[in-house]
Amino acid sequence: MELIQSLLANEIVVAILLSALPLVFILVYALVTLYMEMKVAAHMQDRLAYMRTGWHGVLQPFADILKLLQKEDIIPFAADKLLFQLAPYVVFIGTYAGFAFIPFSSIYIGSNINLGAFFLVAAGSLVVIGILMGGWASNNKWSIFGGLRSASQMISYEIPTALAIVIAVMITGSLNLQDIVKFQEGGIHNWLLFGGPMASVTLTQKLLLIPFTLVTFIILFTASLAEVNRTPFDLPEAESELVQGFNTEYSGMRFAMFYLAEYANMFLVSGVAVSLFLGGWSSPFGSLMSGTIWGIFWFVLKAMVFVFLQIWIRWTLPRLRVDQLMYTSWKVLTPLLFGCLFAIGLILVW
14 MELIQSLLAN EIVVAILLSA LPLVFILVYA LVTLYMEMKV AAHMQDRLAY MRTGWHGVLQ
74 PFADILKLLQ KEDIIPFAAD KLLFQLAPYV VFIGTYAGFA FIPFSSIYIG SNINLGAFFL
134 VAAGSLVVIG ILMGGWASNN KWSIFGGLRS ASQMISYEIP TALAIVIAVM ITGSLNLQDI
194 VKFQEGGIHN WLLFGGPMAS VTLTQKLLLI PFTLVTFIIL FTASLAEVNR TPFDLPEAES
254 ELVQGFNTEY SGMRFAMFYL AEYANMFLVS GVAVSLFLGG WSSPFGSLMS GTIWGIFWFV
314 LKAMVFVFLQ IWIRWTLPRL RVDQLMYTSW KVLTPLLFGC LFAIGLILVW
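To convert a position in the sequence shown, counted from 1, into our numbering, add 13.
Think about it this way: if two alpha-carbon atoms lie no more than 30 Å apart in a straight line, the pair counts; the simulated DSS-like pairs of lysine-lysine are: (1) K154 x K80; (2) K315 x K219; (3) K315 x K52; (4) K195 x K219; (5) K94 x K154; (6) K195 x K315; (7) K94 x K84; (8) K52 x K80; (9) K84 x K52; (10) K80 x K94; (11) K154 x K84; (12) K344 x K219.
Calculated from the structure, these hints are not laboratory results.
Make a model of the complete structure from these sequences and hints.
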């Protein structure tokens, strides 16, 4: 016991433990989400899905991991071996770095810096580099096509994502995600989705803000689907066109790293949307059911609702064409957000 107390008194040990917590969370969350996705897909298609591996197939995700662990780690003869091996880890590190700026509760955030929203966008760009690196290093035409598609898609949709973040920052007056969440404390009526708290704006301003913040939130969620390569924006992995896309040549645990990063990214973008527009860890009932533990519960619950929506959309909507993908970003979402940015600016200074 004394050893544990002495270790917890060491700042370095505490920092290591706190930095490892998101990794533990990602691993547990990925298992739950993998099972949830297969079950949701099955019920939407009127079938049973996992039923044999444990009760209702609850052990199937563990079986999938064991299968991937036992698979041979194949590196194509003509591949750039160093970049090929590094790519999955670059993608995962880019996603994992984003978790450092997400406030899970009032007392837990990996890095509570004043430019958290800015660094969140910067960390996300690492994912693009890793995917492009994996596609190019594979020396496979399908992989490079998938990598190039992914790069163009993610760069295009980072613009509406960044603009949505700018709108939240403009209303709250802070780039610190913890401050943005605290700005929305007090109940569901104070969330930015509904114009923010009355303490910062008049009733007229709040009523005028609501349509524009609603549109901004919807666009942010739409852009986040493209950021994580989920349907209807999963063109980098279009099986009918690109075999498997940028990870065609990968197998074993390197293949699993790409999927772990994708599932982690699903929660990350959901967490960003929740923190910016849905009050983050704050309770929707004001002081009722609030506190540190409740804060973690509310944050994870809100984020998982949007993870479920991403799964639902995947098994409901068809895939867009490449031209439709680019058109949606540059000619629909981006102009709409510029309009919202201008309108919200006018309302706030009115």
